[in-house]
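Asker: Using my numbering, you'd call the opening residue of the sequence shown number 75 and step up by one each time.
Since the hints were made in silico from the structure, they are not lab data. Note that the coordinates shown come from a computational prediction; the quantities given were computed from them, not determined experimentally. Treat the hints with care, since some could be wrong.
Have a look at the derived ranges for each label pair, beta carbon to beta carbon [stated by the list, open to error]:
| id | residue 1 | residue 2 | range |
| --- | --- | --- | --- |
| 1 | S134 | D93 | 16 to 22 Å |
| 2 | L96 | D130 | 17 to 23 Å |
| 3 | A103 | E136 | 26 to 32 Å |
| 4 | G120 | W100 | 28 to 34 Å |
| 5 | E136 | L104 | 27 to 33 Å |
| 6 | G120 | Q99 | 14 to 20 Å |
| 7 | P131 | V98 | 19 to 25 Å |
| 8 | E118 | I90 | 25 to 31 Å |
| 9 | H83 | T111 | 16 to 22 Å |
Ideal Cβ placement from N, Cα and C applies to all residues, glycine included.
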Amino acid sequence: MEATHDGPHADHLGDIDRDTQLWVQWGGALYEFVRLTPCEAPAEDGDACSLFDGHDPGHSWEMRDLLHG
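My request is simple: use the sequences and hints to build the entire structure.
Answerer: Listed below in structure tokens is the structure:
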């Protein structure tokens, strides 16, 4: 995650079931394992957002082109 990102950082660890994912969130030296609902925002091409519901603005499919420059 970008070092300039405000708020806690997060990384998806796995799916518990269809409606629940396991994530680790951290800020500074504090790490916390949390169960979160997946974001269900669809992209125009049908891809789903790979982040959790209620994440900061910007869905994963909006950022994928940034990785390939």
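Asker: Against each hint, give a clear statement of whether it holds in the structure.
Answerer: Now for the hints, and whether the structure bears them out:
1. For the pair S134 and D93, the supplied restraint of 16 to 22 Å holds, since their beta-carbon distance comes to about 18 Å.
2. The hinted range of 17 to 23 Å is satisfied by L96 and D130, whose Cβ atoms lie roughly 19 Å apart.
3. Between A103 and E136, the C-beta spacing of about 30 Å keeps the proposed range 26 to 32 Å intact.
4. With their beta carbons about 32 Å apart, G120 and W100 fall inside the hinted range of 28 to 34 Å.
5. For E136 paired with L104, a C-beta distance near 28 Å keeps the hint of 27 to 33 Å intact.
6. Against the hinted window of 14 to 20 Å, the Cβ-Cβ separation of G120 and Q99 comes to about 28 Å, which falls outside the hint.
7. As the Cβ distance of P131 to V98 is approximately 21 Å, the hint placing it in 19 to 25 Å holds.
8. For the pair E118 and I90, the supplied restraint of 25 to 31 Å holds, since their beta-carbon distance comes to about 29 Å.
9. For H83 and T111, the Cβ-Cβ distance of about 19 Å falls inside the hinted range of 16 to 22 Å, so the restraint holds.
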